[in-house]
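*Asks:* Each chain, letter by letter, is given below.
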Amino acid sequence: MTEGSKIDVTSEDLGPPGCEVLVIGCGNLLRGDDGVGPVLVRHLWDRGMPDGARLVDGGTAGMDVGFQMRGARRVVIVDACLTPGSPKAAPGTIYRLPGEELSDLPPLQGLHTHSFRWDHAIPFARWALGAECPTDITVFLIEAAAVDLGADLSEPVAAAMEEVIGLIERDFLAPLRPAVPDSVSVEISPEGYLRMDADLAAGRFPSDAVAAVARGDELWIFPLRGPSSGGLLLKQRNPAGDRAVLVREVLGDEFPIGSRPAFWDDEHRVLRIPLGSRADG
Amino acid sequence: MTSLDLHVSPLGRVEGDLDVRVTIDDGVVSSAWTEAAMFRGFEIILRGKDPQAGLIVTPRICGICGGSHLYKSAYALDTAWRTTMPANATLVRNIAQGCETLQSIPRYYYALFAIDFTNKNYANSPMYDEAVRRYAPYVGTSYQKGVVLSQKPVEVYAIFGGQWPHSSFMVPGGVMGAPTLSDVTRSIAILENWKDNWLESDLLGGSIDRWLENKTWSDVLAWMDESESHYNSDIGFLIRYSLDVGLDKYGKGVGNYISTGTYFDPSLYRNPTIEGRNKALIGRGGVFADGQWYEFDQANVREDVSHSFYQGSRPLHPFEGETIPIDPEKAKAQGKYSWAKSPRYEVGDLGAIPLETGPLARRMAAAAPDAAPHQDADPLFLDIYNTIGPSVMVRQLARLHEAPKYYKWVRGWLDQLNLKESFYSKPTEYAEGRGFGSTEAARGSLSDWIVIEDSKIKNYQVVTPTAWNIGPRDSADVLGPMETAFVGSPIVDPEDPVELGHVARSFDSCLVCTVHAYDGKTGRELSKFVINGMV
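Here the protein sequences come in this chain order: P and A. Okay, so the first sequence: first residue is 0 according to numbering that gives the first Met the number 0, each after it adds one. Okay, so the second sequence: first residue is 0 according to numbering that gives the first Met the number 0, each after it adds one.
Isolated chain A, as found in the complex:
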């Protein structure tokens, strides 16, 4: 046994690998292709199964946002079966979704994104030594604390959900289990401890309420200069360093956004329906395209497979969606290059266009006019969008901005639980129906469409945030959002194009990503590196 080879092959466990090809001309990215290298057959697994199978299967799609998968698959069934949702159940689902996202913010930021600040290409920055001191993997002061404490919010998830990840405790009609008073007080203690010891002390260097008062980019800059602790906080450092090394200058993307929204007001979603969804949302959904806001309507979602390894001649709505894989070698002859489909959204006269999803998209939706009193109304990122434009930096800032916001929400929902009332009401399991459930995972909109016939799943389609962002070109050869974001990035050192890493990581796709950079004229491979991977 002493001779056992420890190089056990990494089983492609989750969504597999992403190959990114970019061409560089005169030091600037001229085009990009994102190629998802693994077939995802979850929809095929689910066909013909019990309608509730999605509650078990979809949380296993991902080891990091399993709670978000559960949340939207439960609502897909709630709308299909026309359940009645006790207020407590809505609150517990909100708390669970919120805690998973609170976990993801620091874990992603420190373990995946900020480590690139220590790239040797930035050695000339006057802040480089400080970047290394804080963000070097494992030894950086901020890295250590942020990664280790990222566990805290999901300990709260586990109190309500029994386990995290991969819980299946949300069921049509509510949640399983009834928390006790000590569960609630313990959850409050864990979260407040996390706020005191990371969120306020390290991320913000000040109070969450003071940060959330920022309404404009100039407010943010004034906030930074207001105190030394703001200036030296991790969010302060992100802004200062980004401006110094130019992360505010590229990675813009398509500039059009989709958020399906998440978190419901318990009194407004007692009977979940597809039509009633938008009005009940606390974190609003919405589409922002060409400077206009549009109400999100799931009926406008399409999946294009023109450049994906699937059969299909026209974009389909997910209720009609098909997942018919074809041999990639043959498909490549037809110009197909990815296992990801290309989600598109029909926006009036603009047609079916690619939209970016994620924290920045949520922030744009939150800035739309006419918010109801229970809804998030937050103008900050609209001002940032108009003032300095979207970029790698702005995407990160949006992600970090959500930590204090969602902390406050989760804390409030914990106070609203009424332990004397129920957490579940038994639904009628109709033999036929259609359902749509959606949420905002930390990295963007995540939705399920289910068609139930004869008490079995006839069709099931999952559209992930990764698919929205990394999907390939569509039938009109329009690039996907991440592909677009690469284009125009300046590459200082083609042998070590850290800029590409920043762009790729700023979308936090659920894939281990290999970037290949080619010279646009000669086709010579300039560099190849793995991001998100075990280096």
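Okay, chain P solo, but in the shape it has when bound:
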């Protein structure tokens, strides 16, 4: 195995853009728990990715997983596994393989374009990308319960997927999200739009889907995990990324207009906007 550094595939600006964090989900959606990687990628997409993060549904095309790594600073690979041994590992068991462990992967000796996994993709990427192969690579493996054709994720694997999403958010994505102070200000337009700046939206409401509720004299804005179950959409209103959401029907007949202080209530995971006495606008 040598590095393919003699081939300059990046001489022009024709390759995929680099990124800070690349999350790749591998596996076959048609085979039950084997699909946990691509399913996880879709959940992450619904939740909203920060700038600098890129998602790849690697499916069963391992060689391309290798190519996708080009230019990424940190790589996270999620895949299902069936670990041999007796007694068998419990379904849903999560293995986290930090990069140092992966330097000992067996060297690449043969290729099969139809049966190519992450443990081939990493040495393949080292070969194909040469110096451009990322060094910071973490692999999460989730022990499968069943890989039957056409099955859904099993319960333990679905639960493990949520846990891995939490780990990826904490260790890889959260550092990319803007830090937002607890006390902020928002603006209410005469038409009943709530406006917030780009950092507040990206930091607290990354999925752009929210629920708005009137609680006493306050307006509460809850982040949702994605728009698939309904909710209100934060719409981008300018190139800076500021957002607006129509909350007129929650505000009632009279509401204050203009800038309002707001604060993040971490216990309830909600942005609270005191409206004061309804007529003071």
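Check the hints yourself; a few may be wrong.
Result set (DSS-like, lysine-lysine): computed pairs, CA atoms no more than 30 Å apart in a straight line [stated by the list, open to error]: (1) P:Lys234 x A:Lys425; (2) A:Lys248 x A:Lys404; (3) A:Lys419 x P:Lys234.
Label pairs and their computed distance ranges (CB to CB) [stated by the list, open to error]: (4) P:Lys87 x A:Gln310: 29 to 37 Å; (5) A:Ser474 x P:Arg72: 58 to 66 Å; (6) A:Asn417 x P:Tyr192: 33 to 41 Å; (7) A:Ser454 x P:Gly149: 17 to 25 Å; (8) P:Ala88 x A:Gln310: 32 to 40 Å; (9) A:Ser454 x P:Ala88: 37 to 45 Å; (10) P:Gly149 x A:Glu227: 50 to 58 Å; (11) A:Lys278 x P:Lys234: 45 to 53 Å; (12) P:Ala157 x A:Glu212: 54 to 62 Å.
Away from chain A, derived, C-beta distances all over 12 Å, residues of chain P [said to hold, decoys possible]: (13) Glu186; (14) Pro189; (15) Leu232; (16) Ala243; (17) Leu245; (18) Pro273.
Treat the hints as calculated values from the structure; they're not laboratory data. For every residue, glycine included, the Cβ atom is placed at its ideal position computed from N, Cα and C.
Based on these hints, arrange chain A on the given structure of chain P.
*Replies:* Just chain A now, with coordinates in the frame of chain P:
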């Protein structure tokens, strides 16, 4: 964690494994059996689902030709729902299918096929050192460049399709997304760069237009001697080395071919129908059997399960197709030996016969008379077929020949996009209907048949190029195309029968293939090796 066992079991992700058994008598293969070792239940998954489920499920059948699966499943729905297809949508679908095939040509050729040139059995060839220098896995000069740059065409797919592989961006009535001018110019830049840095520089050693002028085998030989760069190109080396080590001498196969064709003229397939399909094709379909051409008609396709692990008493058309698995252990007692069905095609007086699919089959269809002006008319491989006959070498040459051809087509389609016009027109989702969609994946004809009833899938059948080629014997005990291609192969070294690898690889089946060679007289296993696998 430091003690984690990295031998995570390889999940049989795609179509599974293929066992090839051959018997060798007096140094020649006397018979062969191809045994697909894994049940494919995709049709069963789809039954009862939303009609559009095929757009999601079938691209996941394969990690390498997911775009082709999407393309034909979209057209199956287009014909069932009688959609209207904007010209842009046809063009984008053509571009996407073309780019997936352009990716596959070098990736398959270098990573799977040409590495066998370095087999020690060829050490006596005067060109052996050069073969090793170019094609040794990972370190060969041509291998490195061809494999790494094979990524470029599918970067263009991803620009239009959002991702590659496993995109679902083709939908009944068009494609999702509307490309911008910068998407188009970027795609052109990527492809032209790929042409300059691999296709012309390495594969052809000259211009694509000059190569495409070749109309006969003697033209090809003259082309090789025309310049040092032609002679030394990868295609030039394939021809010279094949003639030296005898790859032009075996692997003939059934000599009868099927192509369902692919790529549509945007003005001629605005309302996709099964009947109107052939006339709208740019890459023509057709059946070539017993020296005659026949128009392809999906109504003549049959699936025989006489030697497959399924229930069924007679060959069925895919609209009536069944997929009822039976216990292989019990089935073996009835002489069944494969999870693959045997696709057959009714050709007039010849009956239902096995046909080879793939690049050579496409080239034979392209040589048929009476091409319309928009259609591929290319006599080269008919001349090669008549002059030197089909072989392992000719199958490879056909595959490589398509790289310059499809490059030109894709490049032309990119110029025809009109970004001011639409890419989608919303179809009526009829509750009942029948559809047929087909394409040419890099490795051959790939088709879907869908029956929609009560707004749900009543029946769905996928016939893959792998099934056409590696399907087992039929009810008349006629061997499948790949089985036939093995027979007659000379085996120089039974302990390392590289010839079997060449034949198996020349079909580029979507399966990890294990070859078992047996002595025909004693039944002793002579050798066993895995091709396509992680060695």
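*Asks:* Taking the hints in turn, state whether each one holds.
*Replies:* Hints, verified against the model:
| no. | hint | in the structure |
| --- | --- | --- |
| 1 | P:Lys234 x A:Lys425 | 26 Å, holds |
| 2 | A:Lys248 x A:Lys404 | 26 Å, holds |
| 3 | A:Lys419 x P:Lys234 | 26 Å, holds |
| 4 | P:Lys87 x A:Gln310: 29 to 37 Å | 34 Å, holds |
| 5 | A:Ser474 x P:Arg72: 58 to 66 Å | 60 Å, holds |
| 6 | A:Asn417 x P:Tyr192: 33 to 41 Å | 37 Å, holds |
| 7 | A:Ser454 x P:Gly149: 17 to 25 Å | 20 Å, holds |
| 8 | P:Ala88 x A:Gln310: 32 to 40 Å | 38 Å, holds |
| 9 | A:Ser454 x P:Ala88: 37 to 45 Å | 43 Å, holds |
| 10 | P:Gly149 x A:Glu227: 50 to 58 Å | 56 Å, holds |
| 11 | A:Lys278 x P:Lys234: 45 to 53 Å | 47 Å, holds |
| 12 | P:Ala157 x A:Glu212: 54 to 62 Å | 59 Å, holds |
| 13 | Glu186 | 33 Å, holds |
| 14 | Pro189 | 35 Å, holds |
| 15 | Leu232 | 19 Å, holds |
| 16 | Ala243 | 25 Å, holds |
| 17 | Leu245 | 27 Å, holds |
| 18 | Pro273 | 43 Å, holds |
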